[in-house]
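Line by line, the protein sequences are chains D and B. The working numbering applies: residue 1 is where the first sequence begins, and numbers increase by one. The working numbering applies: residue 1 is where the second sequence begins, and numbers increase by one.
Derived from the structure by calculation, the hints contain no laboratory data. Treat each hint with caution, since some may be false.
What the hints assert, rightly or not - The calculated label-pair distances, taken between Cβ atoms and stated as ranges, are: (1) T115(D) to I10(B): 23 to 33 Å; (2) G29(D) to P21(B): 45 to 55 Å; (3) L51(D) to M237(B): 32 to 42 Å.
Claimed, not checked - Straight-line distance between alpha carbons at most 25 Å, and here's what the computed BS3-like set of lysine-lysine pairs gives: (4) K31(D) to K46(D); (5) K23(D) to K15(B); (6) K224(B) to K209(B); (7) K214(D) to K230(D); (8) K19(B) to K6(B); (9) K112(B) to K26(D); (10) K26(D) to K46(D); (11) K19(B) to K23(D); (12) K112(B) to K187(B).
Glycine is no exception: its CB is placed at the ideal position from the N, C-alpha and C atoms.
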Amino acid sequence: MKLVVVAGTPGSGKTSVLLHTIKALKRRGNKPAVVKVDCLWTDDDKRFGRLDVPIRVGLARDMCPDHFTIYNTEPMLQWAEEEGANVLLNETAGLCLRCAPYPDSCLAVCVIDVTTGPNTPLKVGPLLTTADIVVMTKGDIVSQAEREVFRERVLEVNPDSLVVEANGLSGKGAIELAELIEDGVEAGEDMVLRYNPPLAICTLCSGEKRVERKYHMGVLRHLDGFMEYKGE
Amino acid sequence: MSNSIKLTIIGGVNKDGTKEPVDRVEVNPGDILGIVGPTGSGKSTLIDDIEQLAQGDTPTERRILINDEEPDAKMRVDPRLKLIAQLSQNMHFLADMSVSEFLQMHARSRGKDPELMHKVIELANILTGEPIHEDDHLTVLSGGQSRSLMTADIAVISDSPIVLIDEIENAGIKKQDALALLAGEGKIVVVVTHDPVLALMASRRIVIKNGGMSDIITTSTEEKNVGNRVSEVDNWMMDLREIIRRGEIVEGVV
Ligand SMILES: Nc1nc2c(ncn2[C@@H]2O[C@H](COP(=O)(O)OP(=O)(O)OP(=O)(O)O)[C@@H](O)[C@H]2O)c(=O)[nH]1
Ligand SMILES: Nc1ncnc2c1ncn2[C@@H]1O[C@H](COP(=O)(O)OP(=O)(O)OP(=O)(O)O)[C@@H](O)[C@H]1O
Ligand SMILES: [Mg+2]
Ligand SMILES: [Mg+2]
Ligand SMILES: [Zn+2]
Ligand SMILES: [Zn+2]
Numbered sequence: 001m002k003l004v005v006v007a008g009t010p011g012s013g014k015t016s017v018l019l020h021t022i023k024a025l026k027r028r029g030n031k032p033a034v035v036k037v038d039c040l041w042t043d044d045d046k047r048f049g050r051l052d053v054p055i056r057v058g059l060a061r062d063m064c065p066d067h068f069t070i071y072n073t074e075p076m077l078q079w080a081e082e083e084g085a086n087v088l089l090n091e092t093a094g095l096c097l098r099c100a101p102y103p104d105s106c107l108a109v110c111v112i113d114v115t116t117g118p119n120t121p122l123k124v125g126p127l128l129t130t131a132d133i134v135v136m137t138k139g140d141i142v143s144q145a146e147r148e149v150f151r152e153r154v155l156e157v158n159p160d161s162l163v164v165e166a167n168g169l170s171g172k173g174a175i176e177l178a179e180l181i182e183d184g185v186e187a188g189e190d191m192v193l194r195y196n197p198p199l200a201i202c203t204l205c206s207g208e209k210r211v212e213r214k215y216h217m218g219v220l221r222h223l224d225g226f227m228e229y230k231g232e
Numbered sequence: 001m002s003n004s005i006k007l008t009i010i011g012g013v014n015k016d017g018t019k020e021p022v023d024r025v026e027v028n029p030g031d032i033l034g035i036v037g038p039t040g041s042g043k044s045t046l047i048d049d050i051e052q053l054a055q056g057d058t059p060t061e062r063r064i065l066i067n068d069e070e071p072d073a074k075m076r077v078d079p080r081l082k083l084i085a086q087l088s089q090n091m092h093f094l095a096d097m098s099v100s101e102f103l104q105m106h107a108r109s110r111g112k113d114p115e116l117m118h119k120v121i122e123l124a125n126i127l128t129g130e131p132i133h134e135d136d137h138l139t140v141l142s143g144g145q146s147r148s149l150m151t152a153d154i155a156v157i158s159d160s161p162i163v164l165i166d167e168i169e170n171a172g173i174k175k176q177d178a179l180a181l182l183a184g185e186g187k188i189v190v191v192v193t194h195d196p197v198l199a200l201m202a203s204r205r206i207v208i209k210n211g212g213m214s215d216i217i218t219t220s221t222e223e224k225n226v227g228n229r230v231s232e233v234d235n236w237m238m239d240l241r242e243i244i245r246r247g248e249i250v251e252g253v254v
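Isolated chain B, as found in the complex (with noise of 0.2 Å):
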C-alpha cells in the first residue's frame, strides 16, 4: 500500500491572508522533503495541515491530498486508518500511565499487536543514554527519553507511509540514526529542521517565511557535497559529545 502514496500539498495564504507563492507541491514515495525558516515562520503549521489534511478549515487554507484526491473524512481520524504519523515538537508526555500500559493502548488503538511494546522500548534505548523501563511513569521521562520514546512507537505502532517530523535534532538523541528509523523504505518523509545535515540529506526543501511557502528548492550535487562535509564534522561532533558524557577527556582524541 505505501508504494501507492502520493502526497500533494496545495498553497493557500500566508500569515497576512495572502496568497502564499508556492501553490502546489507533489511528493512521492522515498521522498525526504525538508521544510526550514526561521523560527515562527510556520513550519510546525504545515506539518499540522499535513496531520490533519486539511481542506481549507485551517488558518492557512491549505488543502492536502492524497493520490490526487481528497481524502476520505473517516482516514482523517480514525487512527486504525491513518496513512501519516508525526513526532511533533513536544518533548514531554502528560499522560498518567506507564510506559507499558501507553504503547499497549497505542497498539490497540492502532489496531497493532500490544506485544510490540517490547520492540519499541528496545529501539527507543538504542537511541537515548539511560535505559527507559516498562514500568517507568511516562510523565518521569527526560525530554530526550521522551523523544526517543516517542520516535521508536512511531518507527513500530505508527509505522505509516507518510511520516512528519518536527525538528528532532533539539532532544539529544543520536539524530542520524534516529531520522533513518523513522524514515524506513520507501516512505514519504516530511522534517522541519534547523540542521545543516538533516536539510541537506533531503532532496527538496520548502522555504517557509511569514506563514507562507516562499520557496522549494532541489538539493544539488554541489550542496549533496556540502552535506556530506558537514555530516563528517557532525559526526566528530557527536564522538566528541558522547567521550564528554561518558565523563572522559577529550584530550588527543583529534
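The shape of chain D in the complex, shown without the other chains (with noise of 0.2 Å):
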C-alpha cells in the first residue's frame, strides 16, 4: 500500500487537484482510496464520492486535526487495504501550521496556493519544508513572473522538493502527479514522524479557559520569546 499525505492551507486546491489526479491514477490501472480529516465539517466526501472511490471522513473535533491524522494512520492504511485499494489519499486539514503530519514513509505533498503571494512560503513552516512534492496551485490567476519567483520562494525553503504547478480547475499537473504517487515509496511498519509534534503541554491543552497568566503552568514561551517551566 502508498500512502500519500495531502496537506495545505485550507482552500489552497488540495481536494480538486485530488479529483484529477485520482481520474489519471485510474485511467492508469491503480485503485486509489481516500481518507478526508476536517476539524468539524467538510463536504470533500461527496466530491471525491461521485468518483467512485472508496472514500472516509475523520472529523478531529476538539482535537488537533493533525495529531488526529497522525494516530488515526494506521487504522486507515487497514481500512483502504480491505477495500482492495493500492494507494491511500490522506487529504488532511491543513490548519495547524507547527505540526506536520507526514510519516517518513509515505509521499508528502504540500499543497499551495500562489495567489496567496511569494511571502507564503515562508510562513508554512514544516508543512512546506519536509514535504517530498510541493503543489503550486491557481497560477492561472497569476503572472508567469509570479509563478517563477513563487517556486524559488518555495526551493528557498525546501531545496529538495519537486514542484508540480497544478491547476485544481484544468487538471494540469494530475499526471505528473499520478506518475510520481506510482513512483512513491510503500508505507512502512514502524512508521515515524518527519518532524517534531509541538510543545503541547500547557495547561491550556487540558482545558483551563481562564486567560490570565497566573492560571497557567508547564511550559510558557513570553512574547520575547523566553521559555519557561511553571510548576512542580
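Starting from the two chains in their separate frames, assemble the complex, guided by the hints.
This is the structure in C-alpha cells:
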C-alpha cells in the first residue's frame, strides 16, 4: 500500500487537484482510496464520492486535526487494505502550521496556493519544508513571472522538493502527480514522523479556559521568545 | 540557441470533444503568429497549452513539440531552462512585494543578474504614463503600469526564444512599441489579438472557434497593404489620445 499525505492550507486546492489525480491514477490501473480529515465539517466526501472510490471522513472535533491524522494513520491503512486499494490518499485539514503530519515512509505532498503571494512559503513551516512534493495551484490567476518567483521561494525553504505546477480547474499537473505517486514509497511497519510534534504541555491543552497568566503552568513561551517552566 | 528552435502545435479537440480542423502548425524563428477568434473561443487556452508544453494532458489534448521532439520534462518546469516567456491576460500583480524585490527575485529564478531590475524599470517607464519606482509596492500599480512592467520584465529577464502575448492592446500602453520590444530579433512570437493592426502584422493567423483551431490564414500582400493603412489611422488615434491625456485641446490638429 502506498500512502500519500496531502496537506496544505484550507482552500488551497487539495481536493480539486486530488480529483484530477484520482482520475489519472484510475486510468493507469490503480485503485485509490481516500480519507479526508477535517475539524468540524467537510463536504469533500461528496466530491470524491462522484468518482466511485472508497472514501472515509474523520472529524477531529476538539483535537488538533494533524494529531488526529497521525494516530489514525494505521487504522486508515488497514481500512484501505480491506477496500482492496493500492494507494491511500489522505487529505488533511491543514489548519495547524506547527504540525506536519508526514510519516517517513509516505509521499508527503504540500499543496500551496500561489495567489497568496511569494511570502507564503516562508510562513507555512514544516508542512512545506518537510514535503517531498510541493504542488503550486491557481497559477492561472497570476503572471508567469509571479509563478516563477513563487517557485523560487518554495525552493529556498525546501531545496530538495519537487515542484509541480497544477491547476485544480483544468487538471494541469494531475498526470505528473499520478506518475510521482506510482513511483512513491510503500507505507512501512514502524513509521516515524519527519518532524517533532509541538510542545503541547501547557494548561490550555488540558482544558483551562481562563486567560490570565497566573492560571497557566507547564512550558510557556513569552512574547519576547523566553521560555519558562512553571509548575512542580 | 534561439535560432535553432522550431515550435510545432499538434491539434487536439474542440470544446465538444470532436477533432479540431487544423491538425498541425509549425512556427519558425522570426515568425509572428496571430491568434484570433471570438471572446471565450479558446485563444488564451491555446497559448497556455504552448506555455506548459502540453502533452495531451490538458482539456484540449494538444501536443507541443520543440524541434520536432517531445520536450524534456525539466524544460517544462525549471525557469532556468525555459524556452518560453508569456505575457498573460492578467492585469495586476498579487504578490505583496516591492517592485525591486520582485524583479531581483525573478531574475534569480531565471538565473539572471538581479541588477537587471534597473533596466526593466527604465523600459517599463517608456511604455507607461506615470513612472514606476523601485520601492513601489506591486499591488498598488495600475493596470497599465502593471502591464508595462510585465512587458519589460519579459523583454529583459524572461528573454526567451518563444514569446507568447495575450491581448497587449487592452492595457492602454503603446502596443506597437511593446510588441517590438517583446519580439526582439529572431524570436518566435505568438500574439492573441482582437486588434487589426497587430493581426495584420503577423505573417499568419490561427482562427479559433469553439475551442479549436478552425483555420489558418496567411496574410496576403493585399492584407499587408490594408494593415499599413490601418496602422496610419491607428497612429493618428494614438497621437490624439496622447494629446487628450496631456489635458490639451485637439481642435485644429487634423
Ligand atoms: N482559479 C483556480 N481555482 C482553483 C484552483 N484549484 C482550486 N481552485 C478553487 O479553489 C477553491 C478551493 O478548492 P478545494 O479543492 O476545495 O480546496 P481544499 O484545499 O481541498 O479545501 P479544504 O479541503 O476546505 O481545505 C475552489 O473554489 C476551487 O474551485 C486553480 O488551480 N485555479
Ligand atoms: N479545446 C477545448 N476543450 C475544452 N475546453 C476548452 C477548449 N478550449 C477552450 N476551452 C475552455 O473555454 C473557456 C474560454 O477559453 P479562453 O479563456 O481561452 O477564451 P479566449 O478566447 O481567450 O477568450 P477572451 O477573448 O475572452 O480572452 C475556458 O474555460 C477554457 O478552458
Ligand atoms: Mg478539500
Ligand atoms: Mg483570453
Ligand atoms: Zn497541531
Ligand atoms: Zn497547550
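Here is how each hint holds up against the structure:
1. T115(D) to I10(B): 23 to 33 Å: Cβ of T115(D) to Cβ of I10(B): about 32 Å, so the range 23 to 33 Å holds.
2. G29(D) to P21(B): 45 to 55 Å: Because 34 Å falls outside the window, the suggested range is violated.
3. L51(D) to M237(B): 32 to 42 Å: violated, 53 Å
4. K31(D) to K46(D): holds, 18 Å
5. K23(D) to K15(B): Given that 25 Å is the threshold and the Cα spacing comes to 20 Å, the pair holds.
6. K224(B) to K209(B): holds, 24 Å
7. K214(D) to K230(D): holds, 10 Å
8. K19(B) to K6(B): With Cα atoms ~24 Å apart, K19(B) and K6(B) stay inside 25 Å; holds.
9. K112(B) to K26(D): violated, 42 Å
10. K26(D) to K46(D): holds, 18 Å
11. K19(B) to K23(D): Status holds; Cα separation ~22 Å.
12. K112(B) to K187(B): The given pair, whose Cα atoms are some 19 Å apart, holds under the 25 Å limit.
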